[in-house]
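> From first to last, the protein sequence lines stand for chains A and B. Take the first sequence: its position 122, counting from 1, is numbered 121 in numbering that gives the first Met the number 0, and each next residue is one higher. Take the second sequence: its position 13, counting from 1, is numbered 12 in numbering that gives the first Met the number 0, and each next residue is one higher.
One or more of the hints may lead you astray.
Where chains are identical, the list cannot tell them apart; a pair therefore holds if satisfied intra-copy or between any two copies.
Straight-line alpha carbon distances no greater than 30 Å define the calculated DSS-like cross-link-like pairs of lysine-lysine that follow [as the list claims (entries may be wrong)]:
{"#": "1", "residue 1": "Lys305", "residue 2": "Lys6"}
{"#": "2", "residue 1": "Lys162", "residue 2": "Lys102"}
{"#": "3", "residue 1": "Lys276", "residue 2": "Lys187"}
{"#": "4", "residue 1": "Lys305", "residue 2": "Lys131"}
{"#": "5", "residue 1": "Lys31", "residue 2": "Lys6"}
These are calculated hints, taken from the structure and not from any lab test.
Number of protein chains: 2
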Amino acid sequence: MKKVSIKDVAKLSGVSISTVSRVLTGSAPVSKELTEKVIKAVQELGYSPSSIARSLRNGATKTIGFILPDITNPFFAHIVRGAEDYLRKHGYTLIFGSSDQDKNEENHLLDVLLSKHIDGLLFTGSGDSNPKLLRKIEQGLKVVFLDRIIRGVNSSYVIVDNKKGINLLLDHLIENGHESFLFVNGDKNTFSAKQRHVAFMERMKSGKYKHEHYFTGFSYRAGYNFASQFDDILEFDAILCGNDLIAFGVIDALEEKGIHVPEQISVTGFDDIPFSKHYKPALTTVRQPMYEMGQKASELLLLMIKEQLSTAEGIILDPELVVRESTRRTKI
Amino acid sequence: MKKVSIKDVAKLSGVSISTVSRVLTGSAPVSKELTEKVIKAVQELGYSPSSIARSLRNGATKTIGFILPDITNPFFAHIVRGAEDYLRKHGYTLIFGSSDQDKNEENHLLDVLLSKHIDGLLFTGSGDSNPKLLRKIEQGLKVVFLDRIIRGVNSSYVIVDNKKGINLLLDHLIENGHESFLFVNGDKNTFSAKQRHVAFMERMKSGKYKHEHYFTGFSYRAGYNFASQFDDILEFDAILCGNDLIAFGVIDALEEKGIHVPEQISVTGFDDIPFSKHYKPALTTVRQPMYEMGQKASELLLLMIKEQLSTAEGIILDPELVVRESTRRTKI
Numbered sequence: 000m001k002k003v004s005i006k007d008v009a010k011l012s013g014v015s016i017s018t019v020s021r022v023l024t025g026s027a028p029v030s031k032e033l034t035e036k037v038i039k040a041v042q043e044l045g046y047s048p049s050s051i052a053r054s055l056r057n058g059a060t061k062t063i064g065f066i067l068p069d070i071t072n073p074f075f076a077h078i079v080r081g082a083e084d085y086l087r088k089h090g091y092t093l094i095f096g097s098s099d100q101d102k103n104e105e106n107h108l109l110d111v112l113l114s115k116h117i118d119g120l121l122f123t124g125s126g127d128s129n130p131k132l133l134r135k136i137e138q139g140l141k142v143v144f145l146d147r148i149i150r151g152v153n154s155s156y157v158i159v160d161n162k163k164g165i166n167l168l169l170d171h172l173i174e175n176g177h178e179s180f181l182f183v184n185g186d187k188n189t190f191s192a193k194q195r196h197v198a199f200m201e202r203m204k205s206g207k208y209k210h211e212h213y214f215t216g217f218s219y220r221a222g223y224n225f226a227s228q229f230d231d232i233l234e235f236d237a238i239l240c241g242n243d244l245i246a247f248g249v250i251d252a253l254e255e256k257g258i259h260v261p262e263q264i265s266v267t268g269f270d271d272i273p274f275s276k277h278y279k280p281a282l283t284t285v286r287q288p289m290y291e292m293g294q295k296a297s298e299l300l301l302l303m304i305k306e307q308l309s310t311a312e313g314i315i316l317d318p319e320l321v322v323r324e325s326t327r328r329t330k331i
Numbered sequence: 000m001k002k003v004s005i006k007d008v009a010k011l012s013g014v015s016i017s018t019v020s021r022v023l024t025g026s027a028p029v030s031k032e033l034t035e036k037v038i039k040a041v042q043e044l045g046y047s048p049s050s051i052a053r054s055l056r057n058g059a060t061k062t063i064g065f066i067l068p069d070i071t072n073p074f075f076a077h078i079v080r081g082a083e084d085y086l087r088k089h090g091y092t093l094i095f096g097s098s099d100q101d102k103n104e105e106n107h108l109l110d111v112l113l114s115k116h117i118d119g120l121l122f123t124g125s126g127d128s129n130p131k132l133l134r135k136i137e138q139g140l141k142v143v144f145l146d147r148i149i150r151g152v153n154s155s156y157v158i159v160d161n162k163k164g165i166n167l168l169l170d171h172l173i174e175n176g177h178e179s180f181l182f183v184n185g186d187k188n189t190f191s192a193k194q195r196h197v198a199f200m201e202r203m204k205s206g207k208y209k210h211e212h213y214f215t216g217f218s219y220r221a222g223y224n225f226a227s228q229f230d231d232i233l234e235f236d237a238i239l240c241g242n243d244l245i246a247f248g249v250i251d252a253l254e255e256k257g258i259h260v261p262e263q264i265s266v267t268g269f270d271d272i273p274f275s276k277h278y279k280p281a282l283t284t285v286r287q288p289m290y291e292m293g294q295k296a297s298e299l300l301l302l303m304i305k306e307q308l309s310t311a312e313g314i315i316l317d318p319e320l321v322v323r324e325s326t327r328r329t330k331i
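Please take these sequences and the hints and turn them into a complete structure.
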């Protein structure tokens with residue numbers, strides 16, 4: 000689209016470009032007469048309100064960046080929707096990018112978003128450190144970590160109590176007579192997978208329960224491949240999965256082996272994405288308040304921007320056990 | 000983040016702000032000596048390359064807007080991912096917004112995106128006209144319509160052959176002995192639902208088949224509510240659904256009524272979102288090449304921007320029949 004330029008404004012108002020610039024940026028005083036001419040031309044040409052002029056004026060672009068692993072995972076799509084709704088209500092727009100949990104892609108996205116002069120960043124990254132991001136935070140970039148935090152930074156975050164989530168699942172399984180557990184976890188370099196691993200091993204250290212733990216990836220394919228290739232899977236009473244997508248893959252692979260869920264083995268997920276309720280069997284899982292996570296993180300970020308805080312607070316949301324049909328019940 | 004401002008550059012280089020502006024925008028000649036001072040200050044302060052300065056210089060923001068119904072529908076999340084990957088490869092960033100198929104929200108989003116000086120727009124709208132958008136197109140806004148087109152505009156689009164999709168489904172059902180059809184379609188104000196309706200009625204006009212058609216909404220809830228409340232549903236051999244989400248809702252409501260799919264009635268979807276393969280029963284549906292749609296639309300849009308075309312071409316992609324377990328087979 001042919002945009003109205005500062006030149007057009009200068010021409011119509013009969014003043015120099017630098018005078019227009021002074022009026023728009025407030026960088027130096029301009030006489031009332033000339034100011035009025037410029038404003039009239041600006042209005043006539045529809046040059047205002049322009050986000051670019053506003054950016055020059057107050058350094059705010061009203062744009063928030065969001066780096067996340069993959070928008071096609073419903074867990075992230077729902078977080079994004081929560082962020083989007085909150086931010087739009089407050090006059091902000093969201094730019095996002097999928098990193099596929101690739102560190103280089105994350106850093107590339109960071110450069111791209113910074114070149115857009117975002118006012119702040121929502122970040123769901125991989126790994127447990129990111130020197131480049133830390134440097135930007137030290138230089139003043141406002142960041143809220145979502146779902147995953149990284150080491151060495153005292154920043155705001157919104158996460159779910161992963162330890163509690165794992166314990167809710169194990170309580171439910173143990174109460175229902177399960178005594179041996181196979182944990183098919185997600186990507187080993189992610190904060191959430193690591194927290195869940197630690198919580199699981201802590202609970203297992205009593206030595207009362209047979210158990211094994213594996214890191215795979217947070218995808219249907221990872222769950223399917225793991226369960227297809229794992230021999231003697233029926234030595235376990237239950238399979239805990241790192242997220243719902245992994246659980247779907249595990250259940251489908253078991254079915255192909257002729258193993259019935261939950262009659263022969265129980266399977267649990269993590270997240271409660273909308274499809275889990277309608278899976279056959281409907282999935283027993285731990286609900287993360289995805290939409291709320293996106294909202295809360297955006298609220299924190301706008302607070303940090305408005306009040307010029309380098310950090311606001313860390314919010315740990317409660318997960319909720321959702322018992323459905325993929326786990327065997329010994330009592331009602 | 001405290002951003003380096005044009006004032007800081009002026010101060011460090013010892014020239015006026017208007018001189019800095021002239022150097023950055025190229026709006027008027029500046030002596031070589033002063034230009035070098037400004038460039039040195041710009042580099043020292045890390046004020047370059049700035050997308051805002053670039054915007055002033057060449058009117059391009061390298062930002063594409065995308066207005067779509069709802070990012071939490073996997074159909075759109077996969078289209079977005081296709082667009083995102085293509086655009087990023089070409090140096091562009093995506094800003095998007097969910098409209099919930101609300102016309103006012105669509106127009107509000109349009110204002111927001113235009114205020115960001117987007118270079119072009121991908122648009123999946125509701126209704127069959129939009130005077131405001133048409134005006135913007137006449138004024139030079141580059142738009143590619145995705146999945147849905149509107150009347151009165153000779154613009155670029157990427158859609159799927161909806162007529163062919165419906166006929167593929169009906170061929171499959173009729174070949175397998177189905178003779179009566181209930182069509183639970185999506186939102187009546189959308190292009191795709193209307194096209195599918197027309198295709199269905201055309202095929203039915205021979206009078207050979209008992210049939211009924213209803214517009215509902217493109218959601219699980221709409222399908223579930225419809226099938227829950229529809230009496231004598233077994234008078235039909237098959238239920239065609241406007242998309243996969245509707246089909247999931249219909250199947251679940253039928254199950255609650257004790258009706259077995261496909262033994263007692265066949266159910267089909269439209270889209271082939273990734274969960275449809277793993278639904279129980281796995282869904283017979285029509286695959287839309289979602290990721291490719293996002294890619295193609297982005298390719299057209301960048302072509303229009305680069306070549307300053309008001310329209311490029313219309314692309315109609317082929318849908319593909321995917322036969323799974325939700326339809327009864329009378330022959331192999």
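> A separate judgement is required for each hint: does it hold in the structure or not?
Against the structure, the hints come out as follows:
In this assembly of identical chains, lysine 305 and lysine 6 lie within 30 Å of each other by CA distance solely across copies; the values are 22 Å between and 33 Å within a copy. Taking the shortest alpha-carbon separations for lysine 162 and lysine 102, only the intra-copy value of 26 Å comes in at or below 30 Å, while the best inter-copy value is 44 Å. Taking the shortest alpha-carbon separations for lysine 276 and lysine 187, both the intra-copy value of 27 Å and the inter-copy value of 28 Å come in at or below 30 Å. Proximity of lysine 305 to lysine 131 under the C-alpha cut-off of 30 Å is restricted to the intra-copy arrangement: shortest distance 24 Å within a copy versus 33 Å between copies.
Taking the shortest alpha-carbon separations for lysine 31 and lysine 6, both the intra-copy value of 20 Å and the inter-copy value of 22 Å come in at or below 30 Å.
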